Amino acid sequence: MKVIVPVKRVIDYNVKVRVKADGSGVDLTNVKMSMNPFDEIAVEEAIRLREAEKVTEVIAVSIGVKQNQETLRTALAMGADRAILVIASEDVHQDIEPLTVAKLLKEIATEEAANLVLCGKQAIDNDMNATGQMLSALLGWSQATFASELNIEAKNAVVTREVDGGLQSIKVSLPSVITVDLRLNQPRYASLPNIMKAKRKQLDEKVPSDYGVDLTARLSIINTREPETRKAGVKVASVDELLVKLKEEAGVI
Amino acid sequence: MTYQLDHQDIREGVSKLCLDFPGEYWQKCDRDHAYPTEFVQALTQGGYLSALIPEEYGGLGLPLSAGAAILEEIHRAGGNAGACHAQMYTMGTILRHGSDEQKKQYLPGIAEGSLRLQAFGVTEPTSGTDTTALRTTAKKSGNHYIVNGQKIWTSRAEHSDLLLLLARTTPREEVVKKTDGLSVFLVDMRDFVGKSLTIRPIRTMMNHSTTELFFDDMKIPKSSLIGEEGKGFRNILSGMNAERVLISAECIGDAKWFIEKASSYACERKIFQRPIGQNQGVQFPIARAYSQMRAAELMLAQAVALYDAGGNPGEEANLAKLLSSEASWAAAEICIQTFGGFGFAEEYDIERKFREARLYQVAPISTNLVLSYVAEHVLGLPRSY
Ligand SMILES: Cc1cc2nc3c(=O)[nH]c(=O)nc-3n(C[C@H](O)[C@H](O)[C@H](O)COP(=O)(O)OP(=O)(O)OC[C@H]3O[C@@H](n4cnc5c(N)ncnc54)[C@H](O)[C@@H]3O)c2cc1C
Chain A
0 MKVIVPVKRV IDYNVKVRVK ADGSGVDLTN VKMSMNPFDE IAVEEAIRLR EAEKVTEVIA
60 VSIGVKQNQE TLRTALAMGA DRAILVIASE DVHQDIEPLT VAKLLKEIAT EEAANLVLCG
120 KQAIDNDMNA TGQMLSALLG WSQATFASEL NIEAKNAVVT REVDGGLQSI KVSLPSVITV
180 DLRLNQPRYA SLPNIMKAKR KQLDEKVPSD YGVDLTARLS IINTREPETR KAGVKVASVD
240 ELLVKLKEEA GVI
Chain B
0 MTYQLDHQDI REGVSKLCLD FPGEYWQKCD RDHAYPTEFV QALTQGGYLS ALIPEEYGGL
60 GLPLSAGAAI LEEIHRAGGN AGACHAQMYT MGTILRHGSD EQKKQYLPGI AEGSLRLQAF
120 GVTEPTSGTD TTALRTTAKK SGNHYIVNGQ KIWTSRAEHS DLLLLLARTT PREEVVKKTD
180 GLSVFLVDMR DFVGKSLTIR PIRTMMNHST TELFFDDMKI PKSSLIGEEG KGFRNILSGM
240 NAERVLISAE CIGDAKWFIE KASSYACERK IFQRPIGQNQ GVQFPIARAY SQMRAAELML
300 AQAVALYDAG GNPGEEANLA KLLSSEASWA AAEICIQTFG GFGFAEEYDI ERKFREARLY
360 QVAPISTNLV LSYVAEHVLG LPRSY
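Sequence lines, in order, name chains A and B.
Per numbering that gives the first Met the number 0, residue 0 is the first one in the first sequence, and the count goes up by one each step.
Per numbering that gives the first Met the number 0, residue 0 is the first one in the second sequence, and the count goes up by one each step.
No wet-lab data here; the hints were simulated from the structure.
Careful, some of the hints might be misleading.
[Unchecked claim] Beyond 10 Å from chain B on every Cβ pair, some chain A residues (computed):
# : residue
1 : 47
2 : 48
3 : 72
4 : 163
5 : 195
6 : 198
7 : 234
8 : 236
[Said to hold, decoys possible] Derived EDC-like pairs (lysine to aspartate or glutamate); straight-line CA-CA distance at most 16 Å:
#  : chain 1 : residue 1 : chain 2 : residue 2
9  : A       : 31        : B       : 350
10 : B       : 221       : A       : 69
11 : A       : 15        : B       : 350
12 : B       : 27        : B       : 267
13 : B       : 15        : A       : 52
14 : A       : 15        : B       : 267
15 : A       : 154       : A       : 52
None of these values were measured; they are calculated from a predicted model.
We put the beta carbon where it would ideally sit given N, CA and C, even for glycine.
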């Protein structure tokens, strides 16, 4: 069984995000980019499945700019077997919409005759939380989202999901799209020998037209702005003063 | 296979690994004068310390630029490679001058990390910079050499299995050139510690696990000799340029760390209702430290490129070491100034890195000796020592 792991190149989670002056988005020039942390968890899980001989091949896929090669090399250094890069833009600031990504992934999963797609539950840049679900619908496969535990059986996958108020266990039939949550595993670091080996692994470059997918945007960003900064608090001298302030200034009682 | 000079992927790998060893980890090691065992283990397991060992001996056979990238990233992440850099390059002497048998015997273990070659004993209390005046002797006796004498500042000896030792095999009076008559030995300290070898730790202003060694009739097998007897000084010198380059890379990593810390603090810290970094008096020195670092980094890049192209660039390696050790110190100085009082609080790591960064103008070679090299060998001035 082959598993497809989509990986997105996003702004590194340690970087302090800055909004572009024209409000069109977040400034990505000269900013450190990394693999989306949830995707890293998906790569790790896929490699573990292969090590446990539940799957035979791990294929990492990225859709975006040419520089996504680096993200794919990271996946290869962790242990993915090969990689596919779909170059869908030349502009690092252009985000490829979930539906477009899902359509491309559908074609790739079909072409590769994969039986499982493991993806991050969301990307930390725009927090869409949509691609996995859309892909499952397009493929007509089952879906299990927010996996914190995963067991692959012969024909099914048993998935523990993190839901409000607790954990839910479900069984889905394969093929399936599974999106992973933070607590599924602790991704490994690539060792230096594996970083060197990754340079020699196969990385195919494609363009969207190879899959007959058109990139026309359906979403437009109206404005991006910084969150409001929190105002400094005040100290009150007595409970009475507090009550007055809550009533008159905050208007909450 | 050609390699990019910058080794972005390797840097990425190192900086990820370093995330597991944040400031608190190094603060604790520093406070307890403890060796960062877990960090060294993680690097070893990740294969990073075997980068420079040829593939036929179980290493990765990467060029010096890869070693430089690894050490720079450790320092840039706020760590300290001093605890383990020797494992990366001390083996160079064996690689260049050892016999096939010695290489097969030692290099695979060193590459794997099961054999630690972390200690390098050259400096002595009474000779210091004047290496050829060292007094430790190794006298041949049948199938052995008998070693007597003392070393100082032998770092990491307590955390190493092997010691690369420079000792006199022919008295200075009996040789024509004072650089003759010295020999290099690879000593398996595990056979001698507590018997004819005493290791005594020295407490220093930073956490460096450095020691004094005392040899009292230490009887080492003849096979410990590396290269030709009497040619030890040259055999050691041939590795010095690589060492200069790697130390320079650590300094550049430090400088970047200090500059990043200083810049971001200067943006965040608000005094007189505005960020302190808005004052030119605060931002100019940081910008200057950055310029100094970039200039030193360029010299390092040139030294590395020449070295990887098969040269042995004495001038560039020495200049890189000189300029980067001064750039890191300038950055340290401006970083602590930018942080004001907070720069002195242990939890910010500035004071620790400040203490650590100072070393490189003294060891492994002091600034004056680098300048003597440049004056004599590059500019043709008379030898001054
Ligand atoms: C923390 C630490 C770790 C070390 N680790 C090791 C190690 O692992 N192995 C090892 O062998 N050594 C090690 N050293 C020793 C280090 O290499 C020496 O300290 C260094 O080479 C200087 O020698 P010295 O201390 O004897 O100084 P000295 O030779 O006494 O020199 C003192 C000062 O005088 C200057 N000076 C001396 N002669 C001249 C001259 N002719 N012209 C101009 N200036 C001159 C020097 O530049 C220096 O500033 C370490 C040192 C330290 C502090």
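Results of checking the hints against the structure:
no. : hint         : verdict
1   : 47           : holds (18 Å)
2   : 48           : holds (22 Å)
3   : 72           : violated (6 Å)
4   : 163          : holds (30 Å)
5   : 195          : violated (6 Å)
6   : 198          : violated (8 Å)
7   : 234          : holds (20 Å)
8   : 236          : holds (25 Å)
9   : A:31 / B:350 : violated (27 Å)
10  : B:221 / A:69 : violated (51 Å)
11  : A:15 / B:350 : violated (25 Å)
12  : B:27 / B:267 : violated (27 Å)
13  : B:15 / A:52  : violated (28 Å)
14  : A:15 / B:267 : holds (12 Å)
15  : A:154 / A:52 : holds (15 Å)
The structure is inconsistent with the numbered hints 3, 5, 6, 9, 10, 11, 12, 13, although it conforms to all the rest.
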